[in-house]
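Engineer: Okay, here's what each chain looks like letter by letter:
Number of protein chains: 2
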Amino acid sequence: MNTPDESRQKVVVDTWRSPHARLRPVPLDRVRLEDDFWAPRRAMIRDVTLPAQYRLLDETGRLDNFRKAAGWLEGRQQGFYFNDSDVYKWLEAASWILAADDDPALAELVDQTIELVGAAQQPDGYLDTFYSIDNLDARWTELERTHELYCAGHLFQAAVAHHRATGETELLEIATRFADLICDTFGPGRPRSGTGGHPEIEMALVELARDTGDERYLRQAAYFLDVRGQGYAGGDEYHQDHRPFREMDSLVGHAVRALYLCAGATDVYAETGEPELLAALERLWSNLTSRRIYVTGGVGSRHEGEAFGDDFELPNERAYTETCAAIALFMWGWRMLQINGEARYADLMETALYNAILPGISLDGLGYFYVNPLAASETHRRQPWFECACCPPNIARLIASLPGYLYGYSDDEIWVHHYAGSPVELPLKDGRIVRLRQRSRYPWDGDIALEVETEGMFTLHLRIPGWCESGARLVVNDQPYNGVITPGHYLTVQRTWQSGDRLTLNLPMPACRMESHPAAIENNGRVALARGPLIYCLEAIDHPGIDPGDIVLPFESSIKVIERPDLLGGTVVLEADALADPPDMEWLFFPQLYRTARAMGPESTLESVRLRAIPYFTWANRDPGRMRVWIRDRRGSTSPPVVP
Amino acid sequence: MNTPDESRQKVVVDTWRSPHARLRPVPLDRVRLEDDFWAPRRAMIRDVTLPAQYRLLDETGRLDNFRKAAGWLEGRQQGFYFNDSDVYKWLEAASWILAADDDPALAELVDQTIELVGAAQQPDGYLDTFYSIDNLDARWTELERTHELYCAGHLFQAAVAHHRATGETELLEIATRFADLICDTFGPGRPRSGTGGHPEIEMALVELARDTGDERYLRQAAYFLDVRGQGYAGGDEYHQDHRPFREMDSLVGHAVRALYLCAGATDVYAETGEPELLAALERLWSNLTSRRIYVTGGVGSRHEGEAFGDDFELPNERAYTETCAAIALFMWGWRMLQINGEARYADLMETALYNAILPGISLDGLGYFYVNPLAASETHRRQPWFECACCPPNIARLIASLPGYLYGYSDDEIWVHHYAGSPVELPLKDGRIVRLRQRSRYPWDGDIALEVETEGMFTLHLRIPGWCESGARLVVNDQPYNGVITPGHYLTVQRTWQSGDRLTLNLPMPACRMESHPAAIENNGRVALARGPLIYCLEAIDHPGIDPGDIVLPFESSIKVIERPDLLGGTVVLEADALADPPDMEWLFFPQLYRTARAMGPESTLESVRLRAIPYFTWANRDPGRMRVWIRDRRGSTSPPVVP
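The listed protein sequences correspond, in order, to chains Y and F.
Heads up, the first sequence is in our numbering, so the first residue is 164 and it goes up one at a time.
Heads up, the second sequence is in our numbering, so the first residue is 164 and it goes up one at a time.
Treat the hints as calculated values from the structure; they're not laboratory data.
Keep in mind that the hints are not guaranteed to be accurate.
As the list makes no split between identical chains, a pair holds if one copy fits it or if it spans any two.
Stated by the list, open to error - With a straight-line Cα cutoff of 25 Å, these simulated SDA-like cross-link-like pairs (lysine to any residue) come out:
{"id": "1", "residue 1": "Lys-592", "residue 2": "Glu-616"}
{"id": "2", "residue 1": "Lys-592", "residue 2": "Tyr-395"}
{"id": "3", "residue 1": "Lys-592", "residue 2": "Thr-759"}
{"id": "4", "residue 1": "Lys-723", "residue 2": "Gly-629"}
{"id": "5", "residue 1": "Lys-723", "residue 2": "Asp-210"}
{"id": "6", "residue 1": "Lys-723", "residue 2": "Arg-308"}
{"id": "7", "residue 1": "Lys-592", "residue 2": "Asp-610"}
{"id": "8", "residue 1": "Lys-723", "residue 2": "Val-534"}
{"id": "9", "residue 1": "Lys-592", "residue 2": "Pro-787"}
{"id": "10", "residue 1": "Lys-723", "residue 2": "Thr-759"}
{"id": "11", "residue 1": "Lys-592", "residue 2": "Asp-300"}
Bound-form chain Y, shown alone (with noise of 0.2 Å):
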């Protein structure tokens, strides 16, 4: 079998097991992806996307203010105060690739990189450049603002993956440097109290606990958590400092703030496990799941304050939906499927990974969405870098570090959470190493195999996703499985193996109409198309002199399911018979908004289209033009003409 290669065991494998997690994730040297989706993206960001983004963070200044800090180079510090977190968000997606692949060349970038970052390291620990070049007795004293809790933390991020991947401490000691500066700085009985603007340190505190066995870092990571909503950080949603935590009943405010801050959060309960610290994430999650998200998995429905909106305002083309925060999302929902091993927050990482992440890069690796709205003009694009360039790295990060998101497992169990071709090896508590190989064209399709190259007693479970609404089929050694099949469950499989059984998993995908909650008014009289996890759209270069916002998918028109392996670098469409309503030219020709209405014209009259659907993350990779996602199910509700 071709396991991953045995000489690179630099990995040092977790020792921490959060007590209050049933699920332990899989390092990322023990599986590897192989297989036609998922493997050839993440060597594009090897290969592609992580060059591209080095050379930009060189361009842009954001290692020259690490050079400054060290006193290599004369000058002012440039650009936002954050920048420093995009170099280490490259670092974390670099050492991610390293942690499987041989790429000697990045490798030796990661090294140069890390020994730039310690060479911006003050004396005493202490390491943002915005402060360290030119103002470090400002330090510590615009933390509402300023985002060094927020940059430590992404430090603290890159300095574990590193380890993890590597095996080698050069970064983790300069972030536990900083750390146990940060650590004798904050907190009752210390010079300062208070925490930062923007949450992202708690995470990577506890990650760094776990890492190095430190429970200070758990500590302090639960401190910055428990002083929340006390005015340290503004009093405000948007600094997520409105109150305290544990009374937070609904995501409001800055939605990637909010969802890093659930992420620690969960991170800090998998540790202390206070039940009222789940109850608040429970609750959090409730209300996200039920009123705050987009059929996308996309979150934070404003523009104005990159914030959640009000239960239900889920507006389509001013939705904000960063590719970040569905990001935060993923992290969160990981972090909550580690403590109790619930399909659902696999679901809805699932759905956020295929549809409002992957939405956030181009097919060719080197263009970002920040922004993702689930109806668009030819003007939104993809770009090649933005001036506060949060979301180009981050997308680097999670799809470099994928494989180790597919599987969990606890003492003798093991979890399938995602679907993608790769083998895997999972150590039980007994000592032994099971050895899997999963096979799937997934997305694409819906039929995995399973291969166990282990022998013995112990459980598997596999996510039976929710939008797999019937008809999953499970098929052992070719003896179908007879028990229930609950979609958004885990099918459970408790037997004595042998080395080469073979599992085999139908899960059937069939495209479909979703409809949305009739308080989510924009989406009245609409629906989006699906087929398995992948959320579709129509874009105007696929309906040539139609608005895609025209055209009405009546209810009872079949939608074709039709393989495409020419088109956007291999995809399934969707294609069904649909009539164009282009709205009365007289709202374009005269500026009123508002007239005595009129009836319809006959149905007859109406030009008869074929509708093609793509999947959105593949959208504005080709010519611009309009996109729609929730599409026209009746005549009536006429969708916007183009407004100049």
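Knowing the structure of chain Y, use the given hints to seat chain F on it.
Structural biologist: Here is chain F on its own, set in the frame of chain Y:
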């Protein structure tokens, strides 16, 4: 003829003819309401609202602030930094009452209040209790935030009103002393530059110039307008400082600030005739009316920043539509109307008056809406007062001064802008006084009788409202008018009149369905009911057991117009056969936001219901319940169920 009492002619008839305004307003003592709609409302303002507001001004420390500034009372300033303006608006409202009504008790209260205001004035003319009580050194240092110039503007408006109403000059002298200080303080070569964060003073200074004949106040208004967009007031949209006024092309930021600024700029244009200013005003008017206004005439889509939204961003339940913003729009429309006498300005004033301003006060004159959504739950109710109490006295001054908005005149022409039973005297240039008497049951019916009580040649313009799309007829002394009657324009009758001539204008008022531009996406598949100038709504109390949002009004269903003298102080309701199409209860019982779409059940299973619509301005005057302006006119676009 029962003309206004000649013995009370204290009014200073305005002597200033704005050179670039075609029309002139009619002094308030020259017109008196004697209809069944507005006359009782204005009397209610006088007898109920103003006494109650005075008590609240006293109880909430607003008057005490003046007593403290006058040295009559010890203590610190209380409440918001703009609380003085509430006292000034009350004074303005009371003054407009005194212009036409004898009310010795109110006159006494006004005189006492003016004495108090005068006592609070600093020796150099400065007058703002927020600073003068205990922080005088800080005056003029926080123009962006603390509304100093805004409060000054309200003082000037009150002073002009009091002078015009009574001929007395005490308040005017206080105002001009302060205005002189402001003129000495701000501008080129003077100690300070810049302007305030909340426009208002611009129109007040122009009015002060008109009332005193002192052009310096006009120049100062122009200065405050000209320095916008230079960063003096924050440099952002919220403070209307994001760009120079003449370069603005859309209405953005805080709605009241934006529209007060437009009103002030129109006043400046009326005096200067600068083409660039008019071009900007027309551009902004066009943006407002074609893309950023509700069917009610309400404006300001966002709670966040009390702001305009993007084009076509017109959410119904989350509409902000502050009562003050509609008043500001009314004031701006009035000024635009004076410039060129185009009926579209009067049309929009009318829409806003009946459907966006009047809803702001309860039928008993003691409760107010600050926010006027077009869909609401039972929790949105009028309040007796607000901590930020800008709206209550703003409604009071508007209704108190309403008679002054009904007519207009120029050298030898008369305009009837708005319909309400009233005798009026209009002075022509040749010295003649034209006496007219209007009789109507407007807005309940569109039959308007006009009796001319003056002989001679003059031109009469009668507004044919835009809502009156067909069937408008005019009869002059039993002789049908044969010319073309164009809705949304003035109908012009020029003749040599005889005393006793009668004009009978008939504006048919069928119930009608309005539809909105398809880009206003929440209204897709919905209609609003209207009759004459009134927009209607559905209230839960009229539909026992049915959520108004679940009612579907088929396009074929005819709408009955029913007089209801017993209801809501006397009203006209609309009734029609409709269907109840409640949402699938599963949405309530399972906390899900999306699901696989289901086919609609057959229409034959739907319950028939009687739709009963009431004028929107009368809503929330009975038992609390849900309210909807936009009504589904076809199935499928199910409306939001009640979600706790």
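Engineer: Now tell me, hint by hint, if it's right for this structure.
Structural biologist: Right, here's what the structure says about each hint:
no., hint, verdict
1, Lys-592 to Glu-616, "within (18 Å within a copy, 105 Å between copies)"
2, Lys-592 to Tyr-395, "neither (44 Å within a copy, 68 Å between copies)"
3, Lys-592 to Thr-759, "neither (73 Å within a copy, 41 Å between copies)"
4, Lys-723 to Gly-629, "within (22 Å within a copy, 49 Å between copies)"
5, Lys-723 to Asp-210, "neither (36 Å within a copy, 71 Å between copies)"
6, Lys-723 to Arg-308, "neither (51 Å within a copy, 60 Å between copies)"
7, Lys-592 to Asp-610, "neither (30 Å within a copy, 90 Å between copies)"
8, Lys-723 to Val-534, "neither (30 Å within a copy, 48 Å between copies)"
9, Lys-592 to Pro-787, "neither (54 Å within a copy, 62 Å between copies)"
10, Lys-723 to Thr-759, "between (40 Å within a copy, 17 Å between copies)"
11, Lys-592 to Asp-300, "neither (50 Å within a copy, 74 Å between copies)"
The structure shown violates the earlier hints numbered 2, 3, 5, 6, 7, 8, 9, 11.
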